[in-house]
Structures are given as C-alpha cells and as structure tokens.
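Residue numbers (numbering that gives the first Met the number 0), protein chains in the order written: chain C, 0 to 302; chain L, 0 to 302; chain Y, 0 to 302; chain P, 0 to 302.
These are calculated hints, taken from the structure and not from any lab test.
Please note: incorrect hints may appear among the correct ones.
[To be verified] One side of the interface only, derived from the structure: several residues of chain Y facing chain P at Cβ under 7 Å:
| hint | residue |
| --- | --- |
| 1 | Gly5 |
| 2 | Thr9 |
| 3 | Thr31 |
| 4 | Ala32 |
[Unchecked claim] Beta-carbon label-pair distances, calculated as ranges:
| hint | chain 1 | residue 1 | chain 2 | residue 2 | range |
| --- | --- | --- | --- | --- | --- |
| 5 | P | Pro301 | L | Arg290 | 35 to 43 Å |
| 6 | C | Ala257 | P | Asp243 | 52 to 60 Å |
| 7 | P | Ile26 | C | Phe146 | 14 to 22 Å |
| 8 | P | Pro301 | L | Glu24 | 27 to 35 Å |
| 9 | C | Asp1 | P | Thr151 | 23 to 31 Å |
| 10 | P | Glu302 | C | Glu103 | 46 to 54 Å |
| 11 | C | Pro122 | L | Gly127 | 51 to 59 Å |
| 12 | Y | Leu245 | L | Glu254 | 41 to 49 Å |
| 13 | L | Arg290 | Y | Gly100 | 38 to 46 Å |
From a predicted model like this one, the values you see are computed outputs, not experimental measurements.
Idealized CB from N, CA, C, for every residue including glycine.
Here is how the chains run, residue by residue.
Number of protein chains: 4
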Amino acid sequence: MDQPVGLYYTEQHSPALRFNYKVKEVIFSGKTAFQKVDIVHLDAYQKTLFLDGKIQSALVDEYIFHESLVHPALFTHPSPERVLIAGGGEGATLREALKHGVKEVTMVDIDGELVELCKTHLPEWHQGAFEDPRTRLVYGDARRFIFETDGTYDVILSDLTEPLEEGPSQFLFTEEFYRKARERLSEDGIIAIQSASGDPLYADFVASIVKTLEGIFPVVRVCWAFTFSFSMPWVFTIASKRYDPLEIREKEVEERMASRGISGLRYYSPEMHRAMFVLPPYLKEILKKGRVLTDRDPYVYPE
Amino acid sequence: MDQPVGLYYTEQHSPALRFNYKVKEVIFSGKTAFQKVDIVHLDAYQKTLFLDGKIQSALVDEYIFHESLVHPALFTHPSPERVLIAGGGEGATLREALKHGVKEVTMVDIDGELVELCKTHLPEWHQGAFEDPRTRLVYGDARRFIFETDGTYDVILSDLTEPLEEGPSQFLFTEEFYRKARERLSEDGIIAIQSASGDPLYADFVASIVKTLEGIFPVVRVCWAFTFSFSMPWVFTIASKRYDPLEIREKEVEERMASRGISGLRYYSPEMHRAMFVLPPYLKEILKKGRVLTDRDPYVYPE
Amino acid sequence: MDQPVGLYYTEQHSPALRFNYKVKEVIFSGKTAFQKVDIVHLDAYQKTLFLDGKIQSALVDEYIFHESLVHPALFTHPSPERVLIAGGGEGATLREALKHGVKEVTMVDIDGELVELCKTHLPEWHQGAFEDPRTRLVYGDARRFIFETDGTYDVILSDLTEPLEEGPSQFLFTEEFYRKARERLSEDGIIAIQSASGDPLYADFVASIVKTLEGIFPVVRVCWAFTFSFSMPWVFTIASKRYDPLEIREKEVEERMASRGISGLRYYSPEMHRAMFVLPPYLKEILKKGRVLTDRDPYVYPE
Amino acid sequence: MDQPVGLYYTEQHSPALRFNYKVKEVIFSGKTAFQKVDIVHLDAYQKTLFLDGKIQSALVDEYIFHESLVHPALFTHPSPERVLIAGGGEGATLREALKHGVKEVTMVDIDGELVELCKTHLPEWHQGAFEDPRTRLVYGDARRFIFETDGTYDVILSDLTEPLEEGPSQFLFTEEFYRKARERLSEDGIIAIQSASGDPLYADFVASIVKTLEGIFPVVRVCWAFTFSFSMPWVFTIASKRYDPLEIREKEVEERMASRGISGLRYYSPEMHRAMFVLPPYLKEILKKGRVLTDRDPYVYPE
C-alpha cells in the first residue's frame, strides 16, 4: 500500500505546541488495560511508538535515549551482575543492559500487553533481548515489586513514563520509592532515572528528582543527551552509593568497554561519558530549585 | 485494529483553508497513471475518497451530489434511453442513471485503474452498477470519445474533476467540447454538468460554464444542493435542446418516478426538483459575470 | 502591518474535524463575563467573529444566516409591529428586522459586553441598527425577560448560541420556555428559531425543537439555507399561531417587500421564500425523530 | 488585547514535519527586499523571529545559539581585536562578540531593513550592541565584502541563514568563499560557522562544510549545542590557522573570562568549552561523508 497524501499523526505536545508528523503507514493501533498504543511509520522519524498519543520512542534515534539511560550508570559500576529495570516496555533498555556481561536483568513493567505488542512490532528495539536466558520479565507494578522483593541489584534503571495525574508512574518518583530502591541496591549500587526534558522551560521535574535523591544518596549526578525525536534535550539522573560517574576516566570506560566486549554504540562513547555530565549554567541554575517529592505531594507532570 | 489517537487526514482545501479530518482507518492508498488515490474512513464523513489529496466523495452524503447531478436532468427528459457519462469514477452516477429504465449507459473514464479500485473498495457507491448488462464501460478520454463516437445520447452527464492546470479535465469545459456534445445529443437531448462550488467567493467557474453553454443551447439552467462533506453548496448546470427543467411540474416528476419504479431517493424528490433551481440573489448576480471558455482560453481552477 | 506567513486560527469544530483558517489580521481579542471573543480577519471569510473559539459569523456570508432567520417569519406576518430578539449579539438580526417598517424591536442579550464590542468592531453587521430610535436594547437573560415581561410581540426571533452544557442557552430551547414565548406572542404571532445544522449527521437538534414546538403551536415549519462559512446547511424553525409560511405566495412576498420598501437582499427573495421550506427526504426523515425538550431534560449540544 | 483562543503560527519545518505554535500576540509582520519578517510572541518560546515562515531565533533560548557560535572561537583566540560578522541580523552575535574587549566588530548583513526591524523590535537580542562605538555596521553582501575589503580580522563569525536555492547565502559556504575568508584572517585567525542541524538525519550539511574547510585550514573542529526552540541539536564549525579549541584548557578559559570581564553566560562556560566539542559516534560517522562545496556545485539546503 502506498503512502496517503494527507495523512498525519498529530501530537498535542503541550497546550503551546502541536506537532504534525507526516505518516507513511499505520503499523498497529490498539489498547491495553493501561494505555492506548499506536505504532506508526513517520516520514520524519521512521517507526515510532506513541502511548496515549504522546511520542515515546522513534527508530531514528531510540539509541540516543536508551544508551544515555543505561551506559553512564553501567560503565560507572566496575562489575554489574544484577540489574533491575522499572518499566522499559520496548525492550531497548534491556538490550543495552544485557551488553554488560551481567548475570541477570529483571524487567518489571506493569503493562504486559504493551510488552507483548513491542515483542511483535518493535523487533528493532528489543533485538531478541526478551529471549535472552538472563532476562527475567515480570508483569506488575514496579513500586510494589521494589517494596516486596528481597532481591539485591547492582544497578536499577528507571525507564518510566512521566508521572501524569492518575497515571501509573505517579508514585515511582517519590522519596518513599527511592528509599526502598536504595535498600534493594547492593552496597555499591547505582540507580539511573530517565528524568524528562532538560530545556530552559520544563526542567523543574529533574530538579525535584535531584533534590529528592540528594537526601538519600551520597552521590547524585545529572547527564543529558539530545533526543532529536523528542524535540528536546533529555536528562538522566544517576544516584549512587559509592561510585561517582564523574570520577571514571575515559581510559577506564574504554577498558571496561573492551573487557565487556561492547562495540557499535552510536551515542555513548568513552569520551562522551564525561561530556554528558557537563551541564550549561542555565540548567545548573534550574537544578538548584527542586523540592523533595513525596507520596503525599508527588510531582504531577503537566499534560 | 483500533483507531490511532492522533491520526488525521489533512486537506489543503485552498491557501486560505486547511481541513484536518480525524481518521478511523486507512482503507487503501495507491497511485494510478493519472492520480493519487486515497480511500480513508473519516470520523466525520465515514468512508471517503480523496484524489490527489482533495476530497471527492464521502459515504455520509455522496447521494446528495449524485442524485443532484443525475435526477434533475433525467426526470426532465420524458423517455431517456441512452445516457453517456463523462468521468464518473466511483460508479454512483451510473447507479443513479440506471434507475431510469434506460436501455444503455456508457461511462467513459480516462482512469481505468481508478474505476477498478472503486469497484473493489467502494461497493456502497456503485452497488453493482458496473455489472448491470446495460452498462458499457470505456476507459479513455471523454473528450476524444465525444469527438470520435457516432453514438447519439438522450442525456450526457459530465461528472468530471475540476479543470486543474495540466489536469485531465482542462478541455472538457470549453465551447469546442460542448459543441461536440450537442452534436452527440439526440434532438431533445440534455446535458448536466457538475459545476463545483456555489458559494459567494468561488462561483465564477459555474458562471463561465453557463455563459459558454448559453451560446450553444436554447435552455440553460442552474440548480444547487447542499453537499455537507464539501463544506460548500454545490452547483450543477443543465443545458437542453428542448425540455426545460423549470417547466416540469411536481406532479409530472411524481408520475415519472412511479412509472420508472424509482423510490428511496434521499435528496431529490418531486418537490425538491423545482426548489433546487431557485437560486439566491447573490448567486444570480455571480452567474451574470461568466466568460466564454475556449480551448485557447480554458478555465483554470485554482489549487 | 503585513500578513504573517504562518498565521492560522484553528477551530476544533468537533472531535472529528479541525479547521485551520489562514489569518490576515487579528482585529480584537478579549473576554466578557460570559465568553471569549475573538474578531479576526480570515483570508477565507473576511472579518469573522469567534466566541469561545467557535465561528459565529463571517462577513462573507453573515447575510445568509441573518436573512434566513428574519425574513421567512417577518414576511409571513402581514403587519409586524413589535419584534423581540432573544440573543442577537452582532446586531445583524436587528438590522434585518428593522427593515420591515416595525414600530419597535426589543433585543435581549445576556452579554452586554459582547454587544458593546460588536458595536465597536462589527459595524458591517449592525450598520447603525443599535442607534435606530425603534431599537430597545436590554442586557439580560432572555428567558427571564420572557417570563417577566408583560409585553406582547408579533414576532419573536431566537438568535441564540447552541445549548452547550452549562452554557447560557441551555434552558432557552425547552417546552417551558416556548410556552411562555407563546403567551408573549400576539394572537397571530410567529416565532423563528435558529436551529443549527441540517446536515445528515447532526440534525437531531432541530428535530427536537420541532417536536417540542408541535405540542404548543398549530403551525411548525422548517426552512434551511447554506451558510458557507459554517461549512454546513443551516436550519431555522418557524412556529406560528395563525399564519403558515407555506401559504404565502411569491406574489404576496413581492408585494410586502415593495410596500415595506425592502430591496437589496442577497439571499432571501420572493421565490426563495417557498424554496427554502422544501426539504430533502433525508432531512424530513431526521425531523421525525425528535423528542420533547424540557427544563428537566434539555438538549445538550455536543462540543 | 487578550490572547485569541485558536491562534497558531504554523511552520512547515520539512515535508515530514509541521509545527503549530500557539500564538500569544503578533508583534510585527513585514517584508524587506530579501525576506518576509514575522515577529510573534509564542506561548512555547516567547518572542520569536520568523524569516520566510521559518523559525530563526526565540527569546527563550537565543543565548544557546549565540553563545555557542561566538564564545568557543573567541575564547580560543588569546587576544581578539578585530572581529567580522557575516550576517547576524538580530545583533545578538554582535552582543556576545563585543563582550571580549575587542577593538572593533564589523557586521555585514545584506538585509539592512531586517537589521533596522531588529533594532526596533528585538531589544532583548541586541541589548544596545548596535550603539556600541566599536560596532561598524555595513549593509551589503558579505561575500562581496570579503572579496573586496583589505581589512584583516582575528575572528570571522558566519551567522548566515542556510543556503536555500536562490537564497542570499548560496555562495557563502563554498571553497572559494572560505579561501577569501582565510586571506582576510590575521595569521592566528579563526572562523566560526553556524552549520545547522546535527541530528541523525540532516547533518550532511555540516559534513560538507567540514570537508570544504579541511582543504583550506590546518585546524577544523565541530562543536554542538542543544537549541531547544529549533527542536534539533545545532552544530558549529570552527576553522583556525593556529589555535586549536581542543587545546584550550578549562583553566585558560576561566582566566580569559575573568580578564575580559565576562560573566553571566547561560550556556557556555569554561567546562562546557571542552564538552561542546565531544561528539557522539553517530555524528562523527556522518562528518566523514561530506563533499567539497564549490561555487559551481554549492550546497542546496532542502526546503
């Protein structure tokens, strides 16, 4: 089937911005118990996943997001063996984590139907990661999992959607949650958190994540990447019990990359490791202004 | 498959107006030698045909257009036997013409691939009309057909796209063409022409069709209908050698309707027959301002 | 100031349709106690009034709406002296009513600020009608006015916005209201009501207005017009104690037009009078399906 | 005046992407001999300049672009005295250059009318820079200026629009132009060039700028920044006769910043200096694929 002349996917990004993406083909559209799932081939970004009409991940640059979430944390750890992913639907966070010679990666996503759809429709994302014998896939609430498990993890990767009002992520960015996460980390454990936009207007979310984590972890750092298909710079927060990502020299990343047999990355690199943590003054200024997020007063992401 | 959240079909109706139609489903998209064909299910208008990105016909009210093109002319003729359709891709003009107990309807459409696509994808339009033994389907240029045929017709129905620059209809609205059409009409023959919008701004096209026909036929009349999915009132020109649609009384239409066994029309009716020819002063004013269209100086419809 | 390249006014007409109108100039934007008022010069429709982001009236064809609301009723009445307008903000309904040689026109609009804005910014609509000594302008709720006044009127013109949920028109389309309106009409009085769209999909509103009025008035009729800038055919309901608009012959309208000194109308005319009341079968079918609207169960217009 | 409900500025960013920006107010719209100029207050980006309907600079983050164009080059030079700006309409490049204690900044912009409009309407950009006694403003073709002047410059800043077909910048990105620019640079001179998007899809322009400069200058480097309002990462090419921006240590930048009395920057900083030149593997890969741009075969930027 050809591409229709006038077919667009329209995303009301915010009240101030509406994006119209020219559509080549609608690949899938359906609904899970939690969200509306559209998989569409866009002229601008190739195959793209939308949840509830909001862009989540595009083939053209999904690696920028996923490499930036996973590798700064995992290369900071000298020998990660057990990794926990909170969320992570498409399987690309899993894919990147598995590259580190780990023993086990547990992925806990509340929306099993979504994961099954990604297995079928997004092979470019997971690339078989779900079939890896080291993968342990759990369909359930990541908060409940963290509160109930007695497992211990070297790295936790928080790959969750933003905490929309009444959305499933509301209480996965609070002090209570992060305290429990710290308990589940090994003594030299690290948590990395996708923290949304780092632009001059909307970076108060990451500021509050940082403020919240600073009361709990001795080391809290922010790195960023330019995720083209989000039209925004994107930030990631790393909190750590012992290792500081800023103290890992380029040489060390290079050696770990070699010893773990990792090659072919497209955004992260030994020299990028350090550069990603260098933030401009405007962003450092914003990061000072966060507040502690709690279950009683969580962050509500504007729709 | 569900309906994607943000899927729209965008039509640049004119430089001044852009319409976004919410899309339920893309049914077909392809290309013929002449035009891009999109068949899309719209929330607003149900199944809808777009040619080169411009709306052509929507299930919700295709009958308004097709009944208004066919019945005023065919009920004006006391005994139509042979009908010629110039254009008419979807088969709905054919469908309505066949209701009149005619012996033969010849439909000449330049875009055979389009007609085949309509056969497959638009059964609600043709409703089997292409299979009627009285139908004679010709894939070719209607102008050439009219110039070369030696057939004689009681009614000619011009169901052509607007004459876009370099488009296939450019020379099917000119004096030269209409003179030949008159030659191919029987002594009491009638021609009906879809003549685009009758709104206060863009009605100069119909004005020129009228002016052109007035030099050739003794009777020239304009009727109109409210075609919802075009967002415009639509006009139709009727030129006739003998019978005047204004002289057919309601009673006569009723009798012809009964004797021809026609029922179930949704827009045209005996009382509508007369009312459709009553035009408001603004439109009568515009109709005075046409010019004679010729092969050297045809009408070029603004894109 | 020039026209900006990419400036559009976007109207979410319904969930299924979004219109983008190219903007030449923003003339005014403000807020009254009741609604958001935007007056914008559109390339497509010239000067245009939007209330709460919905198109209300455009210079290119406001006369189609206003002539169709006013003249079928006022020409049906042999000697209208006192007219009441419910709503009518822009002053164009007033303008048309004053043409009939009446003694007094009372206009009751709840939004005095809006009327003042129209006085300033829409002179093409009112054309001085507010200054006419026969005009009596009341800023207040039309329902309350009808319930409390002891005035008697030959014609009532209901020129109200559609009854949106919690909007000011909610209880101005109910049985209770129309009964009071009948009481305020003289013995041969007539009420005409703008009744929204007459298209195949959304005409259930007019159907319910008709059903409601049929229990109250001996004569109930529907006429329609094609309001280009609304992208829809528009319907008007007329209810009458004695005179039937269908019984007024063309000749009679002509004579009344002459004796009242009315000329220069652009949509309504003696021959249009009758034609406007001829409805197509699809619309007659829809008109059968209304329900009686009451204060307890009013019509809620979909947004 | 209030903000209209449905007012948007629509930018057809590419055939694949259309952006709709909610408009608070149209500040100015006009036309120069070279281009259409719209200055609009957007909800998303505050005051914003559009040229020919394409976003150029927004108040919310103009500093990211201008600091990234100016400071990496000017801090790399130990004692810049004479600076030449090719283009630079808004005056913000001039503003940043003047901070470096230079003796003279010559700005050559072909569109004098545009510069005058920026003087009036964009004070937040120039902040009085046009009034600085060290500023020399020339309205003329920057290519012709470079070919004809006998001046010598320590730093040249190329702040030009992308080379659209038949646009004024077509021959300001070619080998011939850059050879002349080298001649006009002092022996330790540096040229910095805004080089458009650094995203995974459209970075071939910067690749060709790099390839072209590598045949002319011993040092060629690329840095990037996250320009939020362009929805893209943005790249800048620096070519130098002697000094290498990569060899300037953070400490050195700090000292130069202090000695030149520069403070209050919002994007550039001593530590950002080095980080901005670290590029991800995908971009390094693209940078290998450029071609030499010549007057006979210049780059034509896709519209």
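Checked hints:
1. Gly5: holds, 4 Å
2. Thr9: holds, 4 Å
3. Thr31: violated, 11 Å
4. Ala32: The hint is violated - Ala32/Y has no Cβ within 7 Å of chain P, the shortest such distance being about 14 Å.
5. Pro301/P with Arg290/L: 35 to 43 Å: holds, 41 Å
6. Ala257/C with Asp243/P: 52 to 60 Å: Because 28 Å falls outside the window, the suggested range is violated.
7. Ile26/P with Phe146/C: 14 to 22 Å: violated, 53 Å
8. Pro301/P with Glu24/L: 27 to 35 Å: holds, 32 Å
9. Asp1/C with Thr151/P: 23 to 31 Å: About 58 Å separates the Cβ atoms of Asp1/C and Thr151/P, which means 23 to 31 Å is violated.
10. Glu302/P with Glu103/C: 46 to 54 Å: Cβ of Glu302/P to Cβ of Glu103/C: about 51 Å, so the range 46 to 54 Å holds.
11. Pro122/C with Gly127/L: 51 to 59 Å: violated, 44 Å
12. Leu245/Y with Glu254/L: 41 to 49 Å: violated, 23 Å
13. Arg290/L with Gly100/Y: 38 to 46 Å: With a Cβ separation near 41 Å, Arg290/L and Gly100/Y satisfy 38 to 46 Å, so the hint holds.
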